[in-house]
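My request is simple: use the sequences and hints to build the entire structure.
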Amino acid sequence: MFSKLFRKTPLAWRQLMKEKTRLAVAVAGITFADMLMFIQLGFESALFDAAVKPHRNLQADLVLISPQFQTLFSVKNFSRERLYQTLGYEGVQSVNSVYISTGQWRNPETRLERAILVWGVDPAQSPFKSPEIKQNQEHLKQLYQVLFDQAGRPEYGAVGDIFKKTGKFDTELNSKAVFVKGLFTDGASFAADGNVITSDSTFLQLFPERQPDRIEVGLITLKPDADSELVRSQLVNGLPKDVRVLTPEEFAKVERTYWEAGTGIGFIFGLGTGVGFIVGIVIVYQILYSDVSDHLPEYATLKAMGYTDNYLLGVLIQEALLLAILGFLPGFILSFGLYQVTYAATMLPIFMKMERAIQVWILTVIMCSVSGAIAMRKLRSADPADVF
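Heads up: the sequence shown begins at 1 in full-length UniProt numbering, then just goes up one per residue.
Because the hints were derived from the structure by calculation, they are not lab data.
A virtual CB, placed ideally from N, CA and C, is assigned to each residue, including glycine.
Everything hinted at is true.
What follows is a list of derived Cβ distance ranges for each label pair: (1) R210 x E90: 27 to 35 Å; (2) P108 x E138: 21 to 29 Å; (3) W13 x P154: 48 to 56 Å; (4) K253 x T166: 37 to 45 Å.
Structure below.
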């Protein structure tokens, strides 16, 4: 279909190029609409990717959490006894527990405190996949020594730069002196601006009100030949209902669902994308409608010469597709640059993805095609009798 449209005289292209100012306005409008959609979809994706990154960094075959768990920002704990009970099931090789809470990190330069997510782990058995953490976990065996997330917000201080230069960084966490002994990369999210990892012993010193037998996450490692679905089914049926047994991906999905459906953030980004789409339709429609109105006698002449409404509709669709291409390319390039600026400013993992580029391109084509179809009503009113 498209090859037939473009094999003929490039009437659509010539009409667009005749009014260069109108063309520039149309391209700018589509570029703006595309950028709006790219930014909204990009922030939404960054939100979800950042929110579930810590979950996917945990090393486990199955995960034990509280039924009330929704997000790391307000995590719920459960009895560690439930985790130890899983060792009695066939196929379970080992278990590991994780404490999670929000502490107050003091920037030693500004003396200002900022909330940070604190992970308490067994230093002899790291629950994380990250090689950076595994290489430095030995340092956690000493009390009050921590690992710092160098991809966190800059308001925590120049921790990464100072530590790389001097090999040390001392500050306070929950009003207690702590010593940075290593760095890792995780990043900020909407739930936390940064992360710090301590030993379970240090964690309990930093949060003295916490009960040692209450944990936030239980990690279960299965034997190499174990059937994970079978073991999970046995745990679900055998353990009390005060815990949930999930796969690591399901654990991440709990967090994603909270931000997507449990807050207004997902709706806001979706609304922003829809607004961009509607804005694009209005802009392209106005351009095509003005073009048809200005050239109505010419279209009537073509009808008098024997050209059908379908042919003229093809010309209008060609104009719409050309506008889609001309508007999408600068929108894509500018959005790519804005992603880099946003990442540098917020440390959120906002990057251009192929599937997002394809999604916005499809929306742009639909946007321009719908506008062309609406403008066709004006084109059908072109009467050959008007030229005589």
